[in-house]
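*Asks:* Residue strings, one per chain:
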Amino acid sequence: MARSKPSSSKKQPKRGVDFKKIKRKIGRKLPPPKNATNTEIKSKAIILPEQSVASERAGLAVSKKGLTLKELLQQTSHHNAKVRRDALTGIRDLVLKYPAELTLHKLAIIEKLRERISDEDKVVRETLYQLLKLVIFPALKKDVPGSLISLMMAYIFNGMTHLATDIRLMAFKFFDLVVQHYPSSFFMYAEKVLQNYEDILRKNHIYLQDRSKLKNALVGLVRCLSLLPCNRRTVDPSYGKNTETQGSLHAYELEVPKEHTDFSSIIKRLEDILPILVNCFQDFIPLVHPMSSLDAQSFDCMLYLLRSIDLSVKFFLYGIDKHQTDFGVTKPTYNEKDMPVWGEIATPVFLRKFLEVFPLNQLHNTSGKDEDKFFILNIEITEIFLHSNEWIFTSAILMERFLEFIENLLSGKIRFNSRSGKALQEKHLTSLLPFIPRLVSLVANTWKSRLLQAFTMAFKDCKPESTLNLAFLSAIEEMLLPSKRQGILLLDASEPEILDHQITWIRELPVLLVRLGDTLSSLSKVILHLLLRLGQYAPMNSSLAWEYDIMQHTLGEFYSMCLDDGSILYGPFMKLPKDCQELSVCCLYYFSSLDSLLLRSLVYCCLCDNLEPSVLFRIIDVLHSAYKIGHLQLVDLISFFVTLVARWKVLPGRLYTHVENAKKISNRETFKAITGAVCSCLRQMGDDALIFQIVQRVILDEIPLNPPIDNLCGMLRLLVILDSRPTKLSEQSIIILSNSISEYLIDAASYIPENGDEVTDSNQISICQYYLVPCFFLFDRSDKLLNLVLDLMGSSIGEDNSSLACNHDTQHTLDLSSRIVAVVSILLYMHQDIKIRRRLSSCKGEITRILQKMRLQLMQSSNEMGNTLEERHKIQFSFDRLKIAAGQLNCWDADELKIISLFE
Amino acid sequence: MEVVIASSPVDAGIGCWDLHSGAEQLRYRSCTSTPHGLACVGQRFLASSQLRDSSSSSGSILYWSWSKPQVEVKSFPAEPIHPLVSNSDGMYIIGGGSSGAIYFWEVASGRLLKRWHAHYRAVTCLFLSDDESLLVSGAEDGCIRVWSLFMVFDDIGMEMAKNPYEYSFSEHTLRVTDMVSGYGGCNAIIVSASEDRTCKVWSLSRGKLLRSIDFPSIIEAVALDPGEHVFYAGARDGKIYIASINAETTSSNSYGKHIIGTLSDNSKGVTCLAFSKDGILLVSGSEDGTIRVWDAKTHNIVRIYRLAKGPVNNVLVVRRPLYSNRQTSENSHSSFSRRHAPLLPPPLGKYVNSTDENVDSGAVSVPQTPSSDIMDAPYLSYHVLTKQISELQVFFIFLS
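As given, the protein sequences belong to chains Z and G, one line each in that order.
FYI, in full-length UniProt numbering the residues of the first sequence are 1 to 904.
FYI, in full-length UniProt numbering the residues of the second sequence are 1 to 400.
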């Protein structure tokens with residue numbers, strides 16, 4: 001304010017009276033007198049919000065115009081509408097900028113804002129609406145105490161009874177907003193709100209001019225009514241449900257029952273409101289008919305009116321239905337006090353009258369757009385009709401009209417003209433389809449066939465990716481299978497015509513499944529589930545069960561298909577997610593006799609590398625179970641198993657577990673597990689001797705194809721597990737086996753560790769044992785086999801390998817020296833095994849022959865130049881080792897030994 | 001005396017061992033039982049439904065008394081019966097047929113009181129809840145249904161009701177292999193096992209699925225720990241898995257969610273399980289023909305019995321009355337034992353009699369409280385009632 005300077009000028013008049021004059025030089029400032037009062041004021045601390053400058057409020061949240069929340073809130077009750085509006089916009093800016101402000105002061109903000117609900121100025125209300133809708137409610141979504149809602153509601157109700165119609169309608173809009181964000185709030189205030197709706201609709205003639213407002217109010221009503229419980233038709237809630245909620249099943253549950261509301265008051269209100277809705281709708285009809293075009297606003301109003309009627313009818317039905325299920329009897333008891341069932345006499349009368357208007361006719365209008373509108377309205381009315389169908393006794397003529405409309409809708413005679421019509425039509429058809437099963441079961445026979453005809457056609461024409469399919473499928477499920485709740489069949493399958501349709505649907509299912517591919521796995525899942533249910537519930541020996549059996553021919557394509565050129569085309573099965581695969585595998589169980597063609601396509605899938613091992617094991621499980629209940633031929637199952645073992649591709653992961661081929665090793669583990677699973681299945685089948693005969697036959701068919709070593713090992717294991725001692729193998733099969741076993745052993749020899757005493761990889765030893773043990777079992781059980789194998793091994797090292805090479809692929813062909821080394825190491829390995837050693841001692845002739853052959857080779861190689869010194873050394877070394885072992889066998893006398901040593 | 005009885009699908013007879021001493025008792029001959037097809041009727045005698053070759057249309061149920069190894073009574077129901085169950089005092093025998101029908105016989109008279117169509121496929125297992133008011137049946141199609149025995153005999157009520165069963169659970173995709181119920185009558189939980197490699201826990205009071213547990217192999221048998229903390233699941237891979245019901249489980253372990261351990265003896269597949277009355281000893285039957293007794297607390301094998309070469313498919317732990325024991329020891333006094341031998345009831349009837357007795361059961365108005373002892377009341381009360389009505393009529397005629 002003032003500084004010391006003006007004080008000097010003040011002193012001037014007093015001078016000369018009390019003090020002597022002091023001379024001063026111009027321009028020179030005197031020091032202040034000693035007794036001068038220091039009038040300096042430091043005014044820093046006082047800040048009045050109205051007048052403070054911007055720099056002072058650095059810590060506070062301000063809007064764009066530099067106003068704090070407090071100021072803005074004060075301004076919302078300013079007398080100037082423009083200021084109020086600006087304040088609201090300001091709050092919006094501020095909250096968007098500082099979300100924390102809102103959570104801190106939510107109570108204060110709402111308390112202030114609610115006063116604006118019944119603001120006289122339209123723009124202010126609109127701004128408030130936007131503010132609440134876009135900013136405040138979304139931000140408060142998480143934590144909203146009931147007190148906040150009740151704060152709002154007081155003013156909303158106030159607005160609803162306001163004299164000005166604008167404000168009234170706007171209040172409904174606000175309520176709608178509240179319900180939209182906090183649905184539970186409807187039930188708290190349902191009675192009062194419905195009362196208000198009733199009032200406003202009763203005076204509808206006032207608002208007929210202002211239809212957009214009425215529409216807004218109606219939107220709110222529809223939203224509220226849609227919160228009421230009704231019988232929801234969902235596709236199938238029982239599967240895919242998550243049950244992993246509780247850790248402990250017997251634990252105390254904190255859940256409170258959800259159905260807290262007492263609906264009786266709502267029912268009473270709705271009873272009042274329904275006739276008014278109907279009246280209101282009928283008021284619109286004269287407006288509509290003479291005109292050739294229907295404006296959008298009144299169309300919307302009509303649509304919403306219809307929706308509200310529909311929803312309230314649904315709610316009443318729910319009440320009746322719930323009442324019935326509570327008591328478990330079909331007849332509802334009307335004089336029950338706690339559950340006022342809707343009066344049967346009064347209401348249907350006006351509803352019937354209302355339904356009489358049904359075909360809102362489009363005779364006299366031409367423009368396509370209008371036709372669509374009428375069409376939509378008609379569909380809505382049909383929906384109401386279908387809902388109410390159960391307890392209104394409609395006249396036959398009206399019924400005809402509805403049925404014809406539905407038929408036309410299904411068969412596509414009525415179509416939307418507009419471009420978006422296709423999607424719209426699908427949407428509406430979806431809402432009507434759930435009624436078809438009930439309708440079909442109730443109407444007279446002529447209509448039954450017409451409706452079914454149209455339904456089947458529509459289903460066939462439906463594109464695979466269409467959303468309609470879901471609705472179709474659930475309708476089909478209802479018409480094919482006994483319903484889950486009532487356990488009775490809706491349609492009598494004994495009538496040939498109905499059966500025809502049912503068969504058509506069933507045949508369509510696998511086709512649809514294949515056409516879908518893996519694009520819509522959710523839909524595939526529904527189809528598979530339907531198939532499974534069909535398999536489970538189709539009565540035994542009925543034509544439906546028969547049809548289910550026939551389906552496997554088409555279902556083969558779903559798994560895989562063998563093309564003419566021998567290549568395999570995998571079906572959608574391979575690409576679907578695991579739960580779908582699981583379902584489709586379960587379907588196999590219910591075919592009363594599994595076809596070998598289907599098994600073949602299944603085998604192709606199993607042999608594919610991409611199939612998850614767990615699914616593969618499921619297939620083995622399920623097929624085995626199917627065999628147990630006689631759905632599968634023994635021979636088919638065994639050839640399935642053997643093919644699996646013989647052809648499954650084991651990736652040739654060699655000895656050492658490097659990081660990059662860890663997968664290959666695990667692949668072999670999988671194969672071992674498969675062999676194990678197959679073995680345990682075979683052993684559980686019953687008569688071992690019979691099964692052994694079949695397995696033997698199938699395996700002998702496979703063996704000439706020269707399977708890789710792992711597969712051969714698997715097959716030998718199957719034989720060993722079923723065989724007993726002495727062997728049950730036939731002469732002929734021993735000869736065939738001996739051929740392949742001798743080669744097999746030479747291949748397996750490469751896994752034998754070089755020296756027994758050396759520390760080698762434990763993995764390698766286990767692999768070696770894995771390969772050799774089944775052979776040892778066979779040798780132990782059959783001397784003849786051992787003799788033959790030794791013989792063959794002996795001859796293989798004696799001959800030139802070129803003659804052998806032509807029989808075997810290159811992988812098996814080793815050069816002579818390594819062949820000799822292999823044979824020797826096999827023999828030595830066998831020698832280590834006590835049991836086999838005993839067996840070997842009876843085959844001294846063969847061993848001597850091998851030794852002689854080796855000797856011969858040694859001599860030959862010394863003459864030939866082809867063999868290197870190293871090879872020669874290797875053969876010599878093996879020869880010596882074998883000789884020592886043979887000596888240990890102690891199976892020949894000194895003479896023979898002499899003969900052998902003579903060669904040296 | 002608590003004994004283990006076991007039977008096999010191959011003809012090895014019914015083995016019987018003292019659970020605590022391990023001594024083998026009498027072996028009852030010529031029995032090829034179906035899975036779940038062995039029952040001890042009211043501790044008085046043994047009954048077993050028999051495997052038949054598929055060609056024969058009728059089934060067969062045999063009775064053995066405790067004291068004699070030979071079959072004493074043979075009955076031939078209209079179709080092959082798979083599971084067989086009896087109530088605790090041995091008044092009734094309930095069997096599940098291969099067509100999906102359930103048969104309800106009165107033991108004392110052998111009459112078939114009721115036969116109703118329960119499933120679309122063969123019934124695989126049956127049990128009564130511990131208060132014997134509810135019957136739970138599982139079928140080959142994976143469906144489990146809960147029947148109120150009270151409703152089953154109320155013909156009028158059946159017609160009025162939307163569905164004859166209390167609940168129908170269809171979440172299993174393949175055959176139901178075994179089921180077991182906890183304590184608490186209609187508030188109990190039930191555990192079911194299926195070939196779809198899952199076990200599911202259901203609530204009888206709420207009629208809904210509480211939990212589904214995936215196992216690494218097909219579960220053939222389940223047994224519930226008396227405290228209902230865990231249940232034991234005998235799998236086809238030879239292990240007995242222990243799955244928790246009441247404990248918070250860690251997120252994952254080597255077997256899967258909710259599975260907390262195994263009992264394993266490297267045997268072939270486990271086919272059946274039973275708990276002793278004290279809840280400590282767990283008896284398991286195996287594919288390899290042996291019966292193992294485990295201590296559920298220490299997870300050790302206590303005893304091994306050998307039944308047959310073929311698989312075992314039924315194991316029960318029952319209390320055997322002592323008098324029959326005395327009989328075997330005092331066999332020399334043949335006259336004495338014959339006098340005391342409990343006479344076995346007549347064979348079971350083949351069809352529901354279409355005579356007046358059958359009409360009776362439907363026309364009786366039974367009191368509205370669902371309790372199990374109602375079951376035998378109707379036959380008496382109806383006669384009393386009709387008698388009274390006719391007396392009243394006579395009386396009125398007199399008056400007029």
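FYI, nobody ran anything at the bench for these hints, they're computed from the structure.
Among the hints, erroneous ones may be present.
To be verified - Pairs of lysine-lysine residues, derived as DSS-like cross-links and limited to a Cα-Cα distance of at most 27 Å, are as follows: (1) Lys672(Z) <-> Lys257(G); (2) Lys525(Z) <-> Lys208(G); (3) Lys268(G) <-> Lys672(Z); (4) Lys525(Z) <-> Lys257(G); (5) Lys208(G) <-> Lys578(Z); (6) Lys74(G) <-> Lys114(G).
Claimed, not checked - These stretches of chain Z come out as covered by chain G in the derived footprint (C-beta under 8 Å, 3 or more residues): (7) 537 to 548; (8) 586 to 598.
Idealized CB from N, CA, C, for every residue including glycine.
*Asks:* Against this structure, judge whether each hint is valid.
*Replies:* Evaluated hints:
Taken as a hint, the Lys672(Z) and Lys257(G) pair is honoured in the structure, with Cα atoms around 25 Å apart against an allowance of 27 Å. For the proposed pair Lys525(Z) and Lys208(G), the alpha carbon gap of about 22 Å is at most 27 Å, so the pair holds. Taking the CA atoms of Lys268(G) and Lys672(Z), the gap is near 17 Å; set against the 27 Å cutoff, the hint holds. Our distance criterion of 27 Å between C-alpha atoms is met by Lys525(Z) and Lys257(G), whose separation comes to about 24 Å.
Pair hint Lys208(G) plus Lys578(Z) holds up; C-alpha atoms about 25 Å apart against a cutoff of 27 Å. For the proposed pair Lys74(G) and Lys114(G), the alpha carbon gap of about 20 Å is at most 27 Å, so the pair holds. For the region 537 to 548 of chain Z, the proposed coverage by chain G is satisfied: 4 residues have a C-beta within less than 8 Å of a C-beta in that chain, meeting the threshold of three. For the region 586 to 598 of chain Z, the stated coverage by chain G is satisfied: 3 residues place a CB nearer than 8 Å to a CB of that chain, which reaches the threshold of 3.
Hint violations for this structure: none, all hints satisfied.
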